[in-house]
Structure formats: structure tokens, C-alpha cells
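Undergrad: Protein chains in written order, with my numbering: chain A, 274 to 422; chain B, 274 to 422.
Honestly, I wouldn't trust all of these hints.
To be verified - Simulated DEER-style distance windows between Cβ atoms: (1) A:323 to B:408: 55 to 61 Å; (2) A:337 to B:322: 56 to 62 Å; (3) A:399 to B:394: 45 to 51 Å; (4) B:327 to A:378: 26 to 32 Å; (5) B:376 to A:399: 19 to 25 Å; (6) A:309 to B:376: 52 to 58 Å; (7) B:347 to A:378: 22 to 28 Å; (8) B:398 to A:319: 37 to 43 Å; (9) B:394 to A:413: 47 to 53 Å; (10) A:315 to B:319: 30 to 36 Å; (11) B:322 to A:319: 43 to 49 Å; (12) B:378 to A:391: 25 to 31 Å; (13) B:417 to A:408: 28 to 34 Å; (14) A:338 to B:399: 42 to 48 Å.
To be verified - Partner residues aside, some chain B positions facing chain A, computed with beta carbon under 10 Å: (15) 277; (16) 351; (17) 362; (18) 365; (19) 404.
Please keep in mind that the hints were generated in silico from the structure rather than gathered at the bench.
Where is the CB? At the ideal position from N, CA and C, for every residue including glycine.
Number of protein chains: 2
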Amino acid sequence: MSLIFSRQCEYALQAVLYISAQEESKFTNIIEISERLDIPMPFLGKTLQLLVQHKVLQSLKGPRGGFKLAKPPDEIALFHVVDAIDGTDFLTSCVLGFSECSSKNPCPVHSDWGALRDRVYQMLASKTIADISKEITDSKQLRTKLRLL
Amino acid sequence: MSLIFSRQCEYALQAVLYISAQEESKFTNIIEISERLDIPMPFLGKTLQLLVQHKVLQSLKGPRGGFKLAKPPDEIALFHVVDAIDGTDFLTSCVLGFSECSSKNPCPVHSDWGALRDRVYQMLASKTIADISKEITDSKQLRTKLRLL
DNA sequence: TAAATTTCGGATAGAAATGTCTGATATATG
DNA sequence: CATATATCAGACATTTCTATCCGAAATTTA
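Taking the hints into account, I'd like the entire structure generated from these sequences.
TA: See the structure below:
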């Protein structure tokens, strides 16, 4: 099986988008997120803890507690979420798995893949939660997908 | 951890490139490939079997046996190897993990990611073993990387 | 201050991917 | 035809990722 992001990273991205679509000052709890997005609750807990540690989210314990964005949505790029969960190895590691692969010692697809990888990074780094929130507001389809009614 | 291709797929790509760099009519055995490329031998065996089943490679048992390309190198694209090992889900599955995601029901990054994915496919489908063999012939660095002396 | 709620942290369990082992099967060579 | 070589096939082991469980800590509310 080939995949771009780990399942945990997919959960993280979905959850951050869900949280970002809530009222900005409100803390959203795990129970709600896991039920709406159909993500196993304890695993989502671990995942959101990672995002808190990486200062993507802010948490609050106790009644009315939960999670909200740690920064304004235009300061959180998708890349920050991916970085917190999966790390950034995919930006530098060789797509063919050669351990010593660099521009000075390239694999047979080094330059081809490098160009594509740069585009992936550009997309992830430039796309912010604010951008996506705007799209969500403008699209009923997206609200449905994120279970926002 | 995020990765584009599974480790098994990386092994497969490396092995096919190694085989393609050998004399065309010769069968190359697993022992040689696994030692040169530092791939666990039994696992490489399973992997090459998959490539035989998908008609990327041809095998021969017994003395002087081993593996060689099943078709002329200009008829084998990198995509065929990836397809045989990892499959093609990455071309259609949602990068955010939403199960129902399509152009009619897109996720927040559907179009952005779709464009990138198309480029990845283009690269994999257009790059053939013959293309790479030529590069290898022209580059001492590549021969070193593939342990071809 | 007591009780209820919710995240946090560590230990454990299950599933999937990766890696290993053993014997069977086929082929070349003497 | 016997032997050595190499792939093939299935079972098994290990590692990594995903998922679960339980109790502790913090915060709100009554």
C-alpha cells in the first residue's frame, strides 16, 4: 500500500479543519470531533496532544474544555499539521529508497521527483487554515463533508 | 511517518533498475541483487515474484536461473512497477482521508492535490526503464549507486 | 469544597507491514 | 539420471502503526 500521509496525519488534518470551522473562541471536545468525523476517540486524543505540543492547537481540561486553534487561522498552514504528525522526511528522503541520495549523488529520478516534491511542499506551505475556512464557508458541500450542519 | 511508496515498492524499483543494467539476455539471481542493493533476500524474493506475476519480470528456476525483464525496457514504465507492488489507490484516494471524495463532492484540497497527483502519474508513466538505463550508462555516479562496477 | 467533565500520560492490545525459515518444484549440467 | 542451483509457496516471527484501557491531573460548576 502506498500513501502520502499516515492515517494519523489524515485524522489530524480533518480534525484541525473541523475545529477551525467552529466558533473561534470555543473549545471543541474530542467526543464531538470523533463522532462527527468517525475517528476512534482515544487515538484522536493522542493525535490532538501532538498538535498541542507543536503549538498548532491549544487545549483546556475540564468542563467546557477541549481544543481550539493556538494561532490565527492564517498563520497555520497545512504543512504545520503534517510536520507535527508525520515529520518532514518526505521532503528529503529518496523516493527510490537509496540512503545516500543528493543533488551531488542523485538517484535516477532525483531531479524529476525533486521538482514534484517541491510543488507538494509549496502547496502544503501556502495553503492555510484561513484559506480553507473561506472555501468551507462558501461551499455547502464542504460543510456537509466536515459534518458541519 | 509519511511515505510515497512502501518499502517493498522501493526494493522493487531498485531491483528492476539493477536487473535492467545487466546484460539483456542474462538472468540475475536474488543473491546477487540482495547483496548489492542491501535488501533482505527472502523479502526480495516475494517482491520479485509479484513482479513476475505482473509480467514486469521473467524468472527461471535452477542453475543459471534468476530474473530478467519480461519486456523490452522501453515498454516498462516506473508506473508498472509501482502498480504491481503498491497498486493505484494513491491516484484516486483522498489525501485527507475522506472516504467519499470526488470532483462532485470534493474535499478542501481536492483540486490542488489532484493536479499534483496527475503530475506524479505523468512522471511515473512516461519514465521508462530504457530512459533510465540510458542515464545510467551516461553517469558513473548512477552506476556506483546501483553497485554496478 | 465537592462533583462532574475533559484532557493528559503510560501501559497494553490488535492489525498491518516487513522480515525469516523451511521444504517443494523446476532446470541446467555432468 | 543424479546432483546442484535457484525460484516458488506457505507458515511463522518481528516490528511498526493503529487502537484501546485506565487512572491522574486540571478546570468548571453547583
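Undergrad: Is it true that the C-beta distance of residue 323 of chain A to residue 408 of chain B lies inside 55 to 61 Å, as the hint says?
TA: About 41 Å separates the Cβ atoms of residue 323 of chain A and residue 408 of chain B, which means 55 to 61 Å is violated.
Undergrad: Does the interface hint hold: is residue 277 of chain B within less than 10 Å of chain A, judged Cβ to Cβ?
TA: Nearest chain A Cβ about 6 Å off; hint holds.
Undergrad: For the restraint on residue 351 of chain B, tell me whether the closest CB of chain A is nearer than 10 Å.
TA: Holds. Min distance 7 Å.
Undergrad: How does the Cβ-Cβ distance of residue 327 of chain B and residue 378 of chain A compare with 26 to 32 Å: does it lie in that range?
TA: holds, 31 Å
Undergrad: Starting from the range 19 to 25 Å, see whether the pair residue 376 of chain B and residue 399 of chain A falls in it by beta-carbon distance.
TA: Distance hint for residue 376 of chain B, residue 399 of chain A holds at roughly 22 Å.
Undergrad: Can we keep the residue 365 of chain B interface hint, with Cβ of chain A closer than 10 Å?
TA: Residue 365 of chain B check fails; min Cβ-Cβ to chain A is 12 Å, beyond 10 Å.
Undergrad: Lying within 43 to 49 Å: is that true of the beta-carbon distance residue 322 of chain B to residue 319 of chain A?
TA: violated, 37 Å
Undergrad: Do residue 337 of chain A and residue 322 of chain B keep their Cβ atoms within the hinted range of 56 to 62 Å?
TA: Cβ of residue 337 of chain A to Cβ of residue 322 of chain B: about 58 Å, so the range 56 to 62 Å holds.
Undergrad: Using 10 Å as the Cβ threshold, decide whether residue 362 of chain B counts as touching chain A.
TA: Constraint on residue 362 of chain B satisfied, holds at 7 Å.
Undergrad: Range hint 52 to 58 Å: satisfied by the CB atoms of residue 309 of chain A and residue 376 of chain B?
TA: violated, 24 Å
Undergrad: Taking 45 to 51 Å as the hint, is the beta-carbon distance of residue 399 of chain A and residue 394 of chain B inside that range?
TA: Cβ of residue 399 of chain A to Cβ of residue 394 of chain B: about 22 Å, so the range 45 to 51 Å is violated.
Undergrad: Looking only at beta-carbon atoms, does the pair residue 394 of chain B, residue 413 of chain A fall within the given range of 47 to 53 Å?
TA: violated, 31 Å
Violation of the numbered hints given earlier is confined to hints 1, 3, 6, 9, 11, 13, 14 and 18; the remaining hints are satisfied by the structure.
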